[in-house]
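A.B. asks: For reference, the chains in residue letters:
Number of protein chains: 2
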Amino acid sequence: MPSTLANLGEFGLIDWIKKIAPTTRDVINGIGDDTAVLKTSVGKYLLLTTDMLIEGSHFTRRMDPQRIGHKALACNISDIAAMGGIPKFAVVSLGVPSTLNGSFVKNIYQGMNRLAKKFNVSIVGGDTNKSPHIVINVALTGEVSRENFVLRKGARPGDKIYVTGPLGGSFQSGKHLLFIPRVKESQLLVKKSKPSSMIDISDGLAADLNHILKHSGVGAILEEENIPCAPGAQLDQALYEGEDFELLFTLSSKKTTKFDCIGEIVARSGIWLKDKKGKLKKISAKGFRHF
Amino acid sequence: MPSTLANLGEFGLIDWIKKIAPTTRDVINGIGDDTAVLKTSVGKYLLLTTDMLIEGSHFTRRMDPQRIGHKALACNISDIAAMGGIPKFAVVSLGVPSTLNGSFVKNIYQGMNRLAKKFNVSIVGGDTNKSPHIVINVALTGEVSRENFVLRKGARPGDKIYVTGPLGGSFQSGKHLLFIPRVKESQLLVKKSKPSSMIDISDGLAADLNHILKHSGVGAILEEENIPCAPGAQLDQALYEGEDFELLFTLSSKKTTKFDCIGEIVARSGIWLKDKKGKLKKISAKGFRHF
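Line by line, the protein sequences give chains Z and D. Numbered according to the working numbering, the first sequence terminates at residue 294, and the numbering increases by one at each position without gaps. Numbered according to the working numbering, the second sequence terminates at residue 294, and the numbering increases by one at each position without gaps.
Calculated from the structure, these hints are not laboratory results. Any given hint might turn out to be false.
Each pair may be met inside one copy or between any two copies, as identical chains are not told apart.
What the hints assert, rightly or not - Capping the alpha-carbon separation at 27 Å, the derived lysine-lysine pairs in DSS-like fashion look like this:
id: 1; residue 1: K109; residue 2: K217
id: 2; residue 1: K47; residue 2: K285
id: 3; residue 1: K120; residue 2: K187
id: 4; residue 1: K120; residue 2: K47
id: 5; residue 1: K194; residue 2: K42
id: 6; residue 1: K156; residue 2: K21
id: 7; residue 1: K289; residue 2: K21
id: 8; residue 1: K133; residue 2: K109
id: 9; residue 1: K21; residue 2: K217
id: 10; residue 1: K42; residue 2: K187
id: 11; residue 1: K217; residue 2: K42
id: 12; residue 1: K195; residue 2: K121
id: 13; residue 1: K289; residue 2: K22
Whole structure, please, built from the sequences with the hints as guidance.
C.D. replies: Shown next as structure tokens:
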């Protein structure tokens, strides 16, 4: 592979991407035409989501490009999981400086492709452009049962609140570049327990819980001592840092699950933190701010 | 609307976008959840495409933001048209500097929304991020009949070559920001004439014809005097400039259409230009280079 993208050229890059792109039987026509042509399943709804990663805001060139590529797809798969769906087809747009080393771009795709194969996602198209800094946009479709999809709304007073894993310190630990989206856990949940609401934690526990609460018109009490903090992370980090990409969901109190119960939905609005002594404190819903 | 995006905040922007987003009956759940939930039609294939516009490469802040928004969606709709499909659902990612005037972003969306309504496209989700310069990515789904979709491959020696409109000078005339994607023309074609191959002209007539030729394993003779040049544009501009977004297609010689016939598919590889005297000259397939 030539050293810079200017040497490789746009069509050289597209040929290379096409050659290594993961595909499945549902892809009638993949990369290389005006659009992809794809099979959908009868009786399912289509899911569609997109996420943009920007150099300087979400990653730097000193990070491992395979992990950057992994993350660009993983945060989209996480959104599909948060609906109770299965990821299917992705298109990838890339903006890159002409002077960028070709192997950097190659590694972004290899990180993305490895994760795509793991989740049976086909990469079916994209767009490549010159840009003063690196921008990666992934749009991903998914499929979900017409009966079993889970929204942010639907949480009811008395429902218990759960998370699929420990929270906080994702930027320091590098988890934000390495996390495995919770598709398996989500499938288990929608098939066995049917959550009343669900979201993935990208902005932080408090901020994403707040989305569920606003959509559902309810409030929540979180039990301080039951919030699982990632190794080295403090409670504040678990509450307010983003990019954990665990699922946050609510279940009717009659149902059970193996995941950590961290609190309960209440009628009174706001997020309330209960300390070890049982004392309640209203907390802010602030999370990661993009602007 | 506050003067800068930093004042408005991410959720303020999302609320505003959600309020004005075009929608249709097929949208079960639109902007504001982890993903959109959408109805697809039985017996159709799903189409999926994406395009990224980057400040400095594709537009500048001195251009009308409504036209920038228009273009960001229009080039995706054009790709769906080039397959013989109907556009359906779009997700929009935006990277913007915090210091950008809120009305600039608002106008990008309004230009996009106006076009979306015209084509019955629902805007069902997106992502907003901080970026040192403006980046807009649109991903668009479409639907196409399982029998009538048209690929780049399929052109056969003897087929005639057509374009849906005049070419060249798109950047100077401003057509690249204002064009109406050829969905109506494409629908007419797939229903009445069934093209053997089709593409939209984004890289330039020669470059995009070359895609059809490579995919189909054939060559072409273009008749110099039959190539329709846009007002003020020369033949070289019609051949080599990009962003016309007209459809270029081939039809069996037994079929007819109202569009301009500009040449014929031949077995011998390459693109050959026939001048008024009938003399043939092999021409380059060069087009717009992104790197």
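A.B. asks: Which of the listed hints are broken here?
C.D. replies: 2
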